[in-house]
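Since chain A is already given, all that's left is putting chain B on it; use the hints.
Here the protein sequences come in this chain order: A and B.
Position 39 (the first sequence) corresponds to 39 in this note's numbering; numbering is contiguous.
Position 187 (the second sequence) corresponds to 1187 in this note's numbering; numbering is contiguous.
Bear in mind the hints are in silico, worked out from the structure with no lab data behind them.
Using N, Cα and C, we set each Cβ at its ideal position, and we do this for glycine too.
A portion of the hints provided could be inaccurate.
Derived coverage of chain A by chain B (criterion: at least 3 residues anywhere in the stretch with Cβ under 8 Å from a Cβ of chain B; other residues may be distant) [unchecked claim]:
no.: 1; region: 27-33
no.: 2; region: 51-62
no.: 3; region: 86-98
So you can see what is in the structure, the chains are spelled out below.
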Amino acid sequence: MSGQRPEHTGWFTDLDPDDLDGAATAITEGRSDQPRKWPEQAVQAGFATDEADYYDAVHEATVHATREAVRAREASDDQQLQHAIKAMDDCERTANELAERAAEWAGSLFADVDAGIEGAREVATREPETEAEGRAVSLADRAVDLADEAAAIRGFIERTAPSVAPNLAAMAGPVLATRLIALAGGLESLAKKPSGTVQVLGAEDALFAHLEGHAPSPKHGIIFTHEYVRETRLEDRGSAARAVAGKLTIAARIDHYSGDLREEVHEDLHDRIATIRARADADEEDDR
Amino acid sequence: MSDDPSVSDDAPTNDDTSTSTDPVLPAGVERRTIAGTETLATRGEPVYGEPTDGDWRAWNASRSKLGAMFELGMETGLAGGDRVLYLGAAAGTTVSHVADFAGPTYAVEFAPRPTRDLLAVAEPRDRLFPLLKDARSPETYAHVVESDLDAIVQDVATRGQADVAVRNARFLADDGRLVAAIKARSEDVTADPEAVFDRAVDRLDDAYEVLERRRLEPYHDDHLAVVATPR
Chain A
1 MSGQRPEHTG WFTDLDPDDL DGAATAITEG RSDQPRKWPE QAVQAGFATD EADYYDAVHE
61 ATVHATREAV RAREASDDQQ LQHAIKAMDD CERTANELAE RAAEWAGSLF ADVDAGIEGA
121 REVATREPET EAEGRAVSLA DRAVDLADEA AAIRGFIERT APSVAPNLAA MAGPVLATRL
181 IALAGGLESL AKKPSGTVQV LGAEDALFAH LEGHAPSPKH GIIFTHEYVR ETRLEDRGSA
241 ARAVAGKLTI AARIDHYSGD LREEVHEDLH DRIATIRARA DADEEDDR
Chain B
1001 MSDDPSVSDD APTNDDTSTS TDPVLPAGVE RRTIAGTETL ATRGEPVYGE PTDGDWRAWN
1061 ASRSKLGAMF ELGMETGLAG GDRVLYLGAA AGTTVSHVAD FAGPTYAVEF APRPTRDLLA
1121 VAEPRDRLFP LLKDARSPET YAHVVESDLD AIVQDVATRG QADVAVRNAR FLADDGRLVA
1181 AIKARSEDVT ADPEAVFDRA VDRLDDAYEV LERRRLEPYH DDHLAVVATP R
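Bound-form chain A, shown alone:
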């Protein structure tokens, strides 16, 4: 509109100085490859009368834009994560099923067809010569697309989770953090759960079997995927699961109620696991 290349225009370009919502949108959604001497340009463009006037406008606009952005992000981000993790699981499961079917079909038509997504990826590059080959190749193509979609969703989760729950994501990794949020039904409800519940989230079947009296109590639910639990020897795994669940619960509470990254929690867990694992080393010493 002003003839300037959009990648080199400031947030105030074509903006009415009194339009605070327009300013917020420009700040939140705008982009520029390179910074410029914006105060100077804004005065030249007549957006501000002088530098002080410009900075007053930046202050008012950034505070307004950031308040709106925080409100929007806080309201929706943990919901988006829950949709994303379920969609990712659906895509992965379906991709594997379709890839298996496509490999079986293609194996009857071509030589050297491997199983799995990688096999489907190879089949999808083939040049079909008959109608049957066309259908098998096309099916493989669909499986590959779904696998790629699952990977893209995983990338979204890995980018989003650290901003929604920085401590939980740092401690559990973005994907496990998101699974816990989804199992609890949101960051707020996760933050309100006792640590014993967090420990067995995802092991509801085993828990109810135990409550009905015909199974031992589950030591861990989805947190089994955490390396601190999985890679601790069997005898100590219950202790490790309790320690991990305890600190994850604290991390979720910090994330919900405060949101800043607190190193102490992470160091505490680190130290606690080192102590638990030292038992294995001590036992080995005894055996000598």
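What follows is chain B alone, placed relative to chain A:
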């Protein structure tokens, strides 16, 4: 007698005796005795219940990496009235002190929850500009943050901290300063911190000349402070 900031507020008793000037401190940052303890201090609205003495608010070096750099006597090159880009503003504890002594200060923070607290810090400071942006993507705020800045102060807790500094070098004037705290644990919890720091400084070399590096013990464990200038 009391540590309560609301009580010490109207006790400007030893205003002159407690002030000492220090060559490495920017104008607007002073060493003062507040509530019986010698501490760094800046002038501005209290933010997090810190002890105050009149207009002066204590700046606790154990809660702020930049504060620790001043306590350790590092030459940050920061001066009063500087135009600053602060990356990793979090809830605004340190950036509130920076805005007290600096000029226009752009504060970038990625997580919504601490940004809510940062807003409360920014509101009474008319030259502090809060931005909910990802410091790894400077193109999402280069339309707001101006060029030729005097300083970037960086305290981000993500992997690739040196990378963040390199990508943001575009905002600095030729003689500007990068004042960064690199946290070893954010890069790799298992590696030896010195190895992590060497790798980070190597990466900084792509865009900066490193003027000084120093660890922040005893104020902060496993943190390296780096002062650098663009190449």
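Hints and how they fare:
no., hint, in the structure
1, 27-33, "holds (count 6)"
2, 51-62, "holds (count 5)"
3, 86-98, "violated (count 0)"
Hint 3 from the earlier list is the only one contradicted by this structure; the remaining hints agree with it.
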